[in-house]
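Protein chains: 2
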Amino acid sequence: MPNSYLVVGGAGFIGSHFVKELLSRKKTLVRVVDNLCSGTLEHINEFKENPAFEFVKVDVENTGDLVKAMSGIETVIHLASNPDIARAVVEPRIDFVQGTALTESVAEAARISGVNTILYASGSGVYGDAGATMLSENSPVSPISTYGASKLAGEALLASYSFMFGLKCLGFRFANVVGPKQTHGVGFDFLRRLMQFPDRIEILGDGNQSKSYIHVKDVVSAVLLCEEKVQTGFDVFNVSTPDFVSVNEIADEVMAQLGLNPEKVVRTYSGGDRGWKADVPVVRLSSRKISMFGWAPMFNSREAIKNSIAEMHSELTR
Amino acid sequence: MPNSYLVVGGAGFIGSHFVKELLSRKKTLVRVVDNLCSGTLEHINEFKENPAFEFVKVDVENTGDLVKAMSGIETVIHLASNPDIARAVVEPRIDFVQGTALTESVAEAARISGVNTILYASGSGVYGDAGATMLSENSPVSPISTYGASKLAGEALLASYSFMFGLKCLGFRFANVVGPKQTHGVGFDFLRRLMQFPDRIEILGDGNQSKSYIHVKDVVSAVLLCEEKVQTGFDVFNVSTPDFVSVNEIADEVMAQLGLNPEKVVRTYSGGDRGWKADVPVVRLSSRKISMFGWAPMFNSREAIKNSIAEMHSELTR
Numbered sequence: 241m242p243n244s245y246l247v248v249g250g251a252g253f254i255g256s257h258f259v260k261e262l263l264s265r266k267k268t269l270v271r272v273v274d275n276l277c278s279g280t281l282e283h284i285n286e287f288k289e290n291p292a293f294e295f296v297k298v299d300v301e302n303t304g305d306l307v308k309a310m311s312g313i314e315t316v317i318h319l320a321s322n323p324d325i326a327r328a329v330v331e332p333r334i335d336f337v338q339g340t341a342l343t344e345s346v347a348e349a350a351r352i353s354g355v356n357t358i359l360y361a362s363g364s365g366v367y368g369d370a371g372a373t374m375l376s377e378n379s380p381v382s383p384i385s386t387y388g389a390s391k392l393a394g395e396a397l398l399a400s401y402s403f404m405f406g407l408k409c410l411g412f413r414f415a416n417v418v419g420p421k422q423t424h425g426v427g428f429d430f431l432r433r434l435m436q437f438p439d440r441i442e443i444l445g446d447g448n449q450s451k452s453y454i455h456v457k458d459v460v461s462a463v464l465l466c467e468e469k470v471q472t473g474f475d476v477f478n479v480s481t482p483d484f485v486s487v488n489e490i491a492d493e494v495m496a497q498l499g500l501n502p503e504k505v506v507r508t509y510s511g512g513d514r515g516w517k518a519d520v521p522v523v524r525l526s527s528r529k530i531s532m533f534g535w536a537p538m539f540n541s542r543e544a545i546k547n548s549i550a551e552m553h554s555e556l557t558r
Numbered sequence: 241m242p243n244s245y246l247v248v249g250g251a252g253f254i255g256s257h258f259v260k261e262l263l264s265r266k267k268t269l270v271r272v273v274d275n276l277c278s279g280t281l282e283h284i285n286e287f288k289e290n291p292a293f294e295f296v297k298v299d300v301e302n303t304g305d306l307v308k309a310m311s312g313i314e315t316v317i318h319l320a321s322n323p324d325i326a327r328a329v330v331e332p333r334i335d336f337v338q339g340t341a342l343t344e345s346v347a348e349a350a351r352i353s354g355v356n357t358i359l360y361a362s363g364s365g366v367y368g369d370a371g372a373t374m375l376s377e378n379s380p381v382s383p384i385s386t387y388g389a390s391k392l393a394g395e396a397l398l399a400s401y402s403f404m405f406g407l408k409c410l411g412f413r414f415a416n417v418v419g420p421k422q423t424h425g426v427g428f429d430f431l432r433r434l435m436q437f438p439d440r441i442e443i444l445g446d447g448n449q450s451k452s453y454i455h456v457k458d459v460v461s462a463v464l465l466c467e468e469k470v471q472t473g474f475d476v477f478n479v480s481t482p483d484f485v486s487v488n489e490i491a492d493e494v495m496a497q498l499g500l501n502p503e504k505v506v507r508t509y510s511g512g513d514r515g516w517k518a519d520v521p522v523v524r525l526s527s528r529k530i531s532m533f534g535w536a537p538m539f540n541s542r543e544a545i546k547n548s549i550a551e552m553h554s555e556l557t558r
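Chains as they are written, first to last, in our numbering: chain A, 241 to 558; chain B, 241 to 558.
It should be emphasised that the hints constitute simulated quantities derived from the structure, not laboratory data.
For clarity, every value in this text was computed on a predicted model and none was experimentally measured.
Check each hint, because a few of them may be wrong.
No copy labels: a pair is met if it fits in one copy or bridges any two.
[Claimed, not checked] Lysine to aspartate or glutamate pairs mimicking EDC-like chemistry, simulated, CA-CA at most 20 Å apart:
| no. | residue 1 | residue 2 |
| --- | --- | --- |
| 1 | K260 | E442 |
| 2 | K408 | E294 |
| 3 | K457 | E467 |
| 4 | K469 | D513 |
| 5 | K408 | D369 |
| 6 | K408 | E286 |
| 7 | K421 | E503 |
| 8 | K504 | E282 |
| 9 | K260 | E493 |
| 10 | K267 | E543 |
| 11 | K469 | D519 |
| 12 | K529 | D429 |
| 13 | K267 | D324 |
| 14 | K517 | E348 |
| 15 | K517 | E442 |
| 16 | K266 | E301 |
| 17 | K266 | E331 |
| 18 | K297 | E282 |
| 19 | K517 | D324 |
Just need the whole structure built from these sequences, with the hints factored in.
Structure representation (structure tokens):
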């Protein structure tokens, strides 16, 4: 019997990279469900002739439809989430509706369908603002954004479903994921704006926000390796690069990509130490736990940023 | 202006004790909302002539109704929750619907209404099964029951609402709460069954499950003290007694209360080390953090159990 995966939110940026990797494997079926609200068919168009690929338009909150889509599936990769995390400032329920509630629907559908494994995109937002403390998976969790809260709520639910109903559930606390097909994020925003107005750039906060970035290919390899290495139960893994890049440095990289002289670009800052109300300005994630499985990222933060900016530039000028 | 409290789930066992304590204070308005699914009007009947007391029947998931009920309220005490935690084995969504989603509704209604403070009944279930490890508030959290998952999801959401919207939110991880008006729990079950069949007792697990019990009056004093001591932000407190009592010892106490000779009562055990699938058989909570505010329980676990059994016996034979 072939391996069978359902990628929930598979028409999104990260999802389409999972689909590509899984379809490159022999005897592997890949089904995508997505409501196409933030994901797009463009991301998965290249797979549509592949007989091992299926797409079903499903609202993830509709557990009944999800149960049907999980028929015959062994592993669910759950990536469906609100992509615009700052929107909660004006729409406070968004991360509950498009986060917490979706994960509950996925877990319940998986239980009903007899799925083996749920691989869940959590995030570093679960830790809240711990400053420059190096965070391991056992560090205290105290989200400051509703986005982080929805990720932690999802982890907690999957932990309980794993214990009570025997599902293998793994949660992944990613650094900021970048790469081809990216549809949001600071590098993406800078690139689009500088292509339009090459003489000025508006930077949220003071530009010193300092975080790790990870290439989407490294995320895919990390998740699928853990699926293979962990046999049962619930566990959670940080997935990050060892270095970090500031927002000002990302602006520099974007200007370099566009061949702009940074001296001639006027930078204005919104001020304060963070990009938006519940942004965490400094994040330090230890990937020691997953490295014990032999995982290491191919790209560090700086390389991932450079590479993703070049890719996005090529996509935007294609 | 008087102090004003809304007790969500105020017709329940714990809620009615908060109402009593708050009404004993001067210039304090107490409004109760409850859907009366597990709470009952009997619990709050004694207050109905008090001009400082109001009751409104509200479904907590109805955020609009909750907003109306929060008019003029400064502090919300949120106790609404599924009381039958083992029910999730056959009804897996219950703790999401009657837990996680209710807390989201309370938080959102409080934000809209301009409430100052949310005091939230979380639980030791957030920690999962850590064996005999003494748990502080910074210990890792990994729930094994959907009940524990719903409590952690609630804490996470309130932490983010506190940061993003400026509410003071405090979460309380209680030991097993016992006392007058108790409507469930192991002592309650043993008492009811032994009063009916005094020759036999069925014990879930092996009876060696060992946990701390806390008198409901000590819970009330702990929560209201923290409200006073913490000025802003989000925080979480264990609220427990220093000793612990096994299920077999609770059976002994119930027999002693009923004047039964324990030698003549046949004990049968369901077997295994726990009461139900996602029970945590051994729990050790450190209350060091809240003790720094000068809080100490009036009753230890054994006294709380004895006292609650005597009270329940008197209620059942009244």
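Results of checking the hints against the structure:
1. For the identical chains of this complex, K260 and E442 are neighbours neither inside a copy (35 Å) nor across copies (56 Å), given an alpha-carbon limit of 20 Å.
2. In this assembly of identical chains, K408 and E294 lie within 20 Å of each other by CA distance neither inside one copy nor across copies; the values are 24 Å within and 48 Å between.
3. Taking the shortest alpha-carbon separations for K457 and E467, only the intra-copy value of 16 Å comes in at or below 20 Å, while the best inter-copy value is 48 Å.
4. Proximity of K469 to D513 under the C-alpha cut-off of 20 Å is found in neither arrangement, the shortest distances being 40 Å within a copy and 29 Å between copies.
5. Taking the shortest Cα distances, K408 and D369 sit within 20 Å of each other only across copies (17 Å), while inside one copy they are farther apart (29 Å).
6. In this homomeric assembly, K408 and E286 never come within 20 Å of each other (Cα to Cα): the closest approach is 31 Å inside a single copy and 50 Å across copies.
7. When the C-alpha separation of K421 and E503 is checked against a cutoff of 20 Å, the pair qualifies neither within a copy, at 30 Å, nor between copies, at 73 Å.
8. For the identical chains of this complex, K504 and E282 are neighbours neither inside a copy (36 Å) nor across copies (75 Å), given an alpha-carbon limit of 20 Å.
9. For the homomeric pair K260 and E493, neither the shortest alpha-carbon distance inside one copy (28 Å) nor that between copies (63 Å) is at most 20 Å.
10. For the identical chains of this complex, K267 and E543 are neighbours neither inside a copy (33 Å) nor across copies (63 Å), given an alpha-carbon limit of 20 Å.
11. Taking the shortest alpha-carbon separations for K469 and D519, neither the intra-copy value of 33 Å nor the inter-copy value of 28 Å comes in at or below 20 Å.
12. In this assembly of identical chains, the alpha carbons of K529 and D429 never lie at most 20 Å apart, being 32 Å within a copy and 44 Å across copies at closest.
13. When the C-alpha separation of K267 and D324 is checked against a cutoff of 20 Å, the pair qualifies neither within a copy, at 36 Å, nor between copies, at 45 Å.
14. For the homomeric pair K517 and E348, the shortest alpha-carbon distance between copies (17 Å) is at most 20 Å, but the shortest distance inside one copy (33 Å) is not.
15. When the C-alpha separation of K517 and E442 is checked against a cutoff of 20 Å, the pair qualifies only within one copy, where the shortest distance is 17 Å, while the shortest distance between copies is 54 Å.
16. Taking the shortest Cα distances, K266 and E301 never come within 20 Å of each other, neither inside one copy (31 Å) nor across copies (47 Å).
17. Taking identical chains as interchangeable, the C-alpha atoms of K266 and E331 are never at most 20 Å apart, the minima being 44 Å within one chain and 39 Å between chains.
18. Proximity of K297 to E282 under the C-alpha cut-off of 20 Å is restricted to the intra-copy arrangement: shortest distance 14 Å within a copy versus 50 Å between copies.
19. Taking the shortest alpha-carbon separations for K517 and D324, only the intra-copy value of 13 Å comes in at or below 20 Å, while the best inter-copy value is 38 Å.
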